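With the sequences and hints as input, model every part of the structure.
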Amino acid sequence: MPTTLHSYPITVRWTGGKEGSGKWVAERSGEEVAIAAPPEYGGTGGATNPEELLTAAIGGCYAITLGIILNNRKAAFNWIEANATGEVEVNGPSLVYKSVKIASRVGIPASATEQEAALVRGKVEVTVEPELVRE
Numbered sequence: 086m087p088t089t090l091h092s093y094p095i096t097v098r099w100t101g102g103k104e105g106s107g108k109w110v111a112e113r114s115g116e117e118v119a120i121a122a123p124p125e126y127g128g129t130g131g132a133t134n135p136e137e138l139l140t141a142a143i144g145g146c147y148a149i150t151l152g153i154i155l156n157n158r159k160a161a162f163n164w165i166e167a168n169a170t171g172e173v174e175v176n177g178p179s180l181v182y183k184s185v186k187i188a189s190r191v192g193i194p195a196s197a198t199e200q201e202a203a204l205v206r207g208k209v210e211v212t213v214e215p216e217l218v219r220e
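Take 86 as the starting number for the sequence shown in our numbering and just add one per residue.
Simulated from the structure, these hints should not be mistaken for lab results. Possibly wrong hints are sitting among the right ones.
Claimed, not checked - Below, simulated EDC-like cross-link-like pairs (lysine to aspartate or glutamate); rule was C-alpha separation at most 16 Å, straight line: (1) Lys-186 / Glu-174; (2) Lys-108 / Glu-136; (3) Lys-183 / Glu-172; (4) Lys-183 / Glu-220; (5) Lys-108 / Glu-172; (6) Lys-186 / Glu-172; (7) Lys-186 / Glu-199; (8) Lys-183 / Glu-116; (9) Lys-108 / Glu-137; (10) Lys-159 / Glu-125; (11) Lys-186 / Glu-216; (12) Lys-183 / Glu-137; (13) Lys-103 / Glu-117; (14) Lys-186 / Glu-125.
To be verified - Pair ranges (Cβ atoms, derived): (15) Arg-219 / Asn-168: 37 to 43 Å; (16) Ala-111 / Ala-195: 23 to 29 Å; (17) Tyr-126 / Cys-146: 23 to 29 Å; (18) Thr-170 / Arg-219: 31 to 37 Å; (19) Asn-168 / Val-118: 17 to 23 Å; (20) Gly-192 / Thr-89: 30 to 36 Å.
Remember, it's a predicted structure, so these values are computed and weren't measured experimentally. Ideal placement from N, C-alpha and C gives every residue a C-beta, glycine not left out.
Here's what the structure looks like:
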């Protein structure tokens, strides 16, 4: 099977500092989402924020990918629920996105065998490995 590369361009427009506001627009779908800095960081709130968006993206990716994998393996399932929690550590002016934890539940038919149920067990590790390049 040939390798295919897909691109998902997003444009973010922001006005102001931490009390500012903005939105991101997904070029492919045309979806627009209002964004704001959360009140705990001195922002106005009232819209989603990067912390929620990153957590939502990881949780959504996990749930959709698991659904595709289970479907490809012909595993019987009714639904998938992924509860994702992002944790950000604040230390003065420094913000560090420390972790994303996903607790997932998969509804399977009562008639599912242990072999079928085994397909929905396991865990996913999300790792961020930044590289600094001095120029």
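| query | Are the Cα positions of Lys-108 and Glu-172 separated by 16 Å at most? | reply | 23 Å, violated
| request: Compare the distance between the alpha carbons of Lys-186 and Glu-199 with 16 Å, and conclude whether the hinted pair is satisfied. | output: Since the Cα atoms of Lys-186 and Glu-199 sit roughly 26 Å apart, the hinted pair is violated (cutoff 16 Å).
| Is it true that Thr-170 and Arg-219 lie within 31 to 37 Å of each other by Cβ? | 35 Å, holds
| Given pair status - Glu-137, Lys-183, alpha carbons within 16 Å | Measuring from Cα to Cα gives roughly 13 Å; hence the hint holds.
| field | Outcome of range test on Cβ distance (Gly-192, Thr-89; 30 to 36 Å) | value | Cβ of Gly-192 to Cβ of Thr-89: about 31 Å, so the range 30 to 36 Å holds.
| query | Taking only the CA atoms, is the gap from Lys-186 to Glu-216 under or equal to 16 Å? | reply | 23 Å, violated
| When you check the alpha-carbon spacing of Lys-186 and Glu-125, does it fall within 16 Å? | Violated, because 21 Å separates the two Cα atoms, which is more than 16 Å.
| said: With the threshold set at 16 Å, check whether the alpha-carbon distance from Lys-186 to Glu-174 stays at or below it. | reply: Between Lys-186 and Glu-174 the Cα gap is close to 15 Å, so the pair holds against 16 Å.
| said: For a C-alpha distance cap of 16 Å, please report whether Lys-108 and Glu-137 respect it. | reply: Holds, at about 14 Å.
| Between Asn-168 and Val-118, does the C-beta distance stay in 17 to 23 Å? | With a Cβ separation near 21 Å, Asn-168 and Val-118 satisfy 17 to 23 Å, so the hint holds.
| field | 16 Å Cα cutoff - pair Lys-159, Glu-125 | value | 45 Å, violated
| query | Regarding the pair Lys-183 and Glu-116, is the alpha-carbon distance no greater than 16 Å? | reply | Violated. Lys-183 to Glu-116 sits at ~28 Å, over the 16 Å cutoff.
Against the hints set out earlier in the document, violations occur for numbers 4, 5, 7, 8, 10, 11, 13, 14, 16.
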